[in-house]
Amino acid sequence: MSPQGKPRTEAATEVVERLLVVTSGPMTVALTAPLIEDILPPEESNATVVVTDHEITYRVSDLARRLGQAPATHAPDSRVILCGYGDRHRGFRVDQMLGPTDVDPRYIHPLPPHFTGEERTWIKGFFLYRDTIALLVNPDWLLSHDVDIDAPGSPADAKRAATGRSNRQDEVLELEVINAKRTA
Amino acid sequence: MLRGQRKQTVARTVTWSLIVFSIGGRPLAARTEEVGGIRPWADAMPVPSRTPSVNALVRYGEEVLPVFDLAGFLKLQVRGNAPLCLIAKRRDGRIVLRIDADMPQLITVAADTLRPPAEPDSNILGLCQIDGKEVPIYSLTNLGLPTIHAA
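Chains G and E supply the protein sequences, listed in that same order.
According to this note's numbering, the first sequence is numbered sequentially starting from 1496.
According to this note's numbering, the second sequence is numbered sequentially starting from 6.
Calculated from the structure, these hints are not laboratory results.
Built from N, CA and C at the ideal position, the CB exists for glycine as well.
Don't take every hint at face value.
In silico contact screen, one side only, chain E against chain G (beta carbon under 8 Å); selected entries [unchecked claim]: (1) 55; (2) 59; (3) 62; (4) 64; (5) 67; (6) 69; (7) 98; (8) 100; (9) 139; (10) 140; (11) 146.
Reference listing, derived: stretches of chain G covered by chain E, where coverage requires no fewer than 3 residues with Cβ under 8 Å from a Cβ of chain E [claimed, not checked]: (12) 1561 to 1573; (13) 1604 to 1612.
Simulated restraints, written as ranges between beta carbons of each label pair [what the hints assert, rightly or not]: (14) 1569/G with 47/E: 20 to 30 Å; (15) 48/E with 1568/G: 10 to 20 Å; (16) 1625/G with 86/E: 43 to 53 Å.
Construct the entire structure; sequences and hints are all you get.
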């Protein structure tokens, strides 16, 4: 499954932001779809800390730790999402994929003004998702560090999992549309 | 005023209307005009944050409000299985506090009975006596915000 596509999909007058929503630790997090290069199948998502995919090396860490939170202690549906932006590539382990969604950018709100610190750089905004709130991570920040001290294990003993790009067409997640017309 | 008429002074007691709530069993108070309401607590979404004590969002229907972790600020643990949400009218917008499950009480105190805190604290307006206990009155308008000094 790959939710890759334009950052904004235009259909008639509608402009939507295509996002992948996941759970990571205690948070519901949204990643912009164009950032996502691949999603490892469940059987390849467990012990991996470094992934080589089409000669690109992705260092894998928990998305929750990247965001300063503890990952879930038990996540049977854990997946690794391979992300790329320019020449920067990273993999992030998430607890569960909730699915792709199209969101009208008008419904993506900045953090309230009470948040005055660096978090305004980390989080692009939030939107209402199902019965909760999803935090939209800033892709520039997400891939901005080459070294991640939070990564489980050290690179020296990292297990390499060489995979081919899966592009699993058989795996389709239902697209949700939030405050915009369905465009897919 | 006619010449010769003496100005009459009426002894008028200025009172403060307070909401008394608790966190970790410790009673705290706030002026009622600085409270936007009390609701059952809804699950909060943690937000990675470097802003002191502001570290989550909470959703009530279509409304999303930031959370001020007053319990953490005071190094206390909220008590009760069904904690409550107190909406504070901070000067930069509404923000919510997670408080104990005990229903807050409305009381009125005479302003001239209030005492200043032992150590200056911009978060505390003063101390009042309730049931023999000294209870701090928190300034929800300025909670956790830097003090504004008049130019």
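*Grab the minimum C-beta distance from residue 146/E to chain G and call the hint holds if it beats 8 Å, violated otherwise.*
Constraint on residue 146/E not satisfied, violated at 13 Å.
*Mind taking a look at whether chain E covers the segment 1604 to 1612 of chain G? Criterion is 3 or more residues with CB to CB distance under 8 Å.*
Satisfied; 8 residues make the cut.
*Have a go at the residue 59/E hint: is there a Cβ in chain G nearer than 8 Å to its own Cβ?*
holds, 5 Å
*asked:* Checking hints one by one. Is residue 140/E an interface residue toward chain G, by the C-beta closer than 8 Å rule?
replied: Interface hint status for residue 140/E: violated (26 Å vs cutoff 8 Å).
*At a threshold of 8 Å, is the proposed contact between residue 139/E and chain G supported by beta-carbon distances?*
violated, 29 Å
*Assertion that chain E covers the segment 1561 to 1573 of chain G - criterion: three or more residues, beta-carbon distance below 8 Å*: holds (count 3)
*Restraint check, 8 Å cut-off on beta carbons, for residue 55/E near chain G*: At 3 Å from the nearest chain G Cβ, residue 55/E passes the 8 Å test, so the hint holds.
*Status of the hint placing residue 100/E at chain G (closest C-beta pair under 8 Å)*: holds, 6 Å
_Does the beta carbon distance between residue 48/E and residue 1568/G stay inside 10 to 20 Å, or does it fall outside?_
Check passed, 18 Å falls within 10 to 20 Å.
*For the hint on residue 69/E, just tell me whether its beta-carbon gets within less than 8 Å of chain G.*
Status holds, d = 6 Å.
*Is the hint on residue 62/E kept, meaning its closest Cβ partner in chain G is under 8 Å away?*
holds, 5 Å
*Quick one, is the residue 67/E hint okay against chain G at 8 Å, beta carbons?*
With Cβ-Cβ at 7 Å, under 8 Å, it holds.
Going down the numbered hints, you'll see the structure goes against 9, 10, 11, 16, while the others check out.
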